[in-house]
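Numbering of the sequence shown is given in my numbering, commencing with residue 1 and proceeding in unit increments.
Since the hints were derived computationally from the structure, they do not count as laboratory data. The structure presented is a predicted model; accordingly, all values stated were derived computationally and were not measured. Glycine included, every Cβ here is placed at the ideal spot set by N, Cα and C. Some clues are possibly wrong.
As the list claims (entries may be wrong) - Here are the computed distance ranges between Cβ atoms for each label pair:
#: 1; residue 1: Lys7; residue 2: Ala103; range: 21 to 29 angstroms
#: 2; residue 1: Leu83; residue 2: Glu6; range: 26 to 34 angstroms
#: 3; residue 1: Met1; residue 2: Ala112; range: 23 to 31 angstroms
#: 4; residue 1: Gly155; residue 2: Pro234; range: 12 to 20 angstroms
#: 5; residue 1: Ala112; residue 2: Arg156; range: 27 to 35 angstroms
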Amino acid sequence: MTIVYEKSKGLTDVPFHYCPGCTHGVIHKLVAETLVELGVLGEAIGVAPVGCSVLAYNYFNCDMQEAAHGRAPAVATGIKRALPDKVVFTYQGDGDLASIGSAEIVHAAHRAEKITTIFVNNAIYGMTGGQMAPTTLVGQKTTTSPLGRDEDLCGRPIRIAEMLATINGAKFVERVSVDTPANIRKAKKAIKRAFECQIKGEGFAIVEVLSSCPTNWGLTPVKALDWLRDNMIPYYPLGNFRDFEEGK
Numbered sequence: 001m002t003i004v005y006e007k008s009k010g011l012t013d014v015p016f017h018y019c020p021g022c023t024h025g026v027i028h029k030l031v032a033e034t035l036v037e038l039g040v041l042g043e044a045i046g047v048a049p050v051g052c053s054v055l056a057y058n059y060f061n062c063d064m065q066e067a068a069h070g071r072a073p074a075v076a077t078g079i080k081r082a083l084p085d086k087v088v089f090t091y092q093g094d095g096d097l098a099s100i101g102s103a104e105i106v107h108a109a110h111r112a113e114k115i116t117t118i119f120v121n122n123a124i125y126g127m128t129g130g131q132m133a134p135t136t137l138v139g140q141k142t143t144t145s146p147l148g149r150d151e152d153l154c155g156r157p158i159r160i161a162e163m164l165a166t167i168n169g170a171k172f173v174e175r176v177s178v179d180t181p182a183n184i185r186k187a188k189k190a191i192k193r194a195f196e197c198q199i200k201g202e203g204f205a206i207v208e209v210l211s212s213c214p215t216n217w218g219l220t221p222v223k224a225l226d227w228l229r230d231n232m233i234p235y236y237p238l239g240n241f242r243d244f245e246e247g248k
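Using the sequences and the hints, build the whole thing.
Here it is, written out as structure tokens:
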């Protein structure tokens, strides 16, 4: 029998703990497939901080390191500098990267650290109960903004990709989504490109992935994807903001 599809060797056999409809599993698959296709699975070291992806060390079939909340870029920097031949990546949520870890990611990019960051943006704190995050949309209801995010009190949601794209050390910056098969394919291409940036020694690379959170959004998985398309993508436009090749 001809095998047309099988689970990536970059993933273990441990079942995901994520909520039904959560797209973390899709993003895990894309990262795992990329590591295998680039032939670097055996050289990869992932860093997972606090958040929904805190148990990522159970799922990626490569060496993994846990980090304190928001500190994954700092831990990844130390690993990459100590072991420059390894392919080092962080896997972070928006509550982690855009809030407590905002300084860490900015300075890692500023130093052009040769690491790759997968930034999962679902506009909410997922693991800790659905609180408002720096990426929560204006008017979006959360457990700490039950009347919706108030721009006068909290400002507007932070656009991480656009901000990091202004930093010279950030050599590859792209925002993607995993709401449709077509966008999943584009996300895979961007993730692969981000790892190639590191492998070629160019500098810091980040892929922001718009993701759904059906549980904390209070929606079904299908409705959550619709909400992502109708609300997140208009505010967080998809596309490439920086590429390490001249003219890109």
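Now for the hints, and whether the structure bears them out:
1. Lys7 - Ala103: 21 to 29 angstroms: With a Cβ separation near 37 angstroms, Lys7 and Ala103 fall outside 21 to 29 angstroms, so the hint is violated.
2. Leu83 - Glu6: 26 to 34 angstroms: Distance hint for Leu83, Glu6 holds at roughly 30 angstroms.
3. Met1 - Ala112: 23 to 31 angstroms: violated (48 angstroms)
4. Gly155 - Pro234: 12 to 20 angstroms: holds (18 angstroms)
5. Ala112 - Arg156: 27 to 35 angstroms: For Ala112 and Arg156 the Cβ distance comes to about 28 angstroms; the hint holds.
Against the hints set out earlier in the document, violations occur for numbers 1 and 3.
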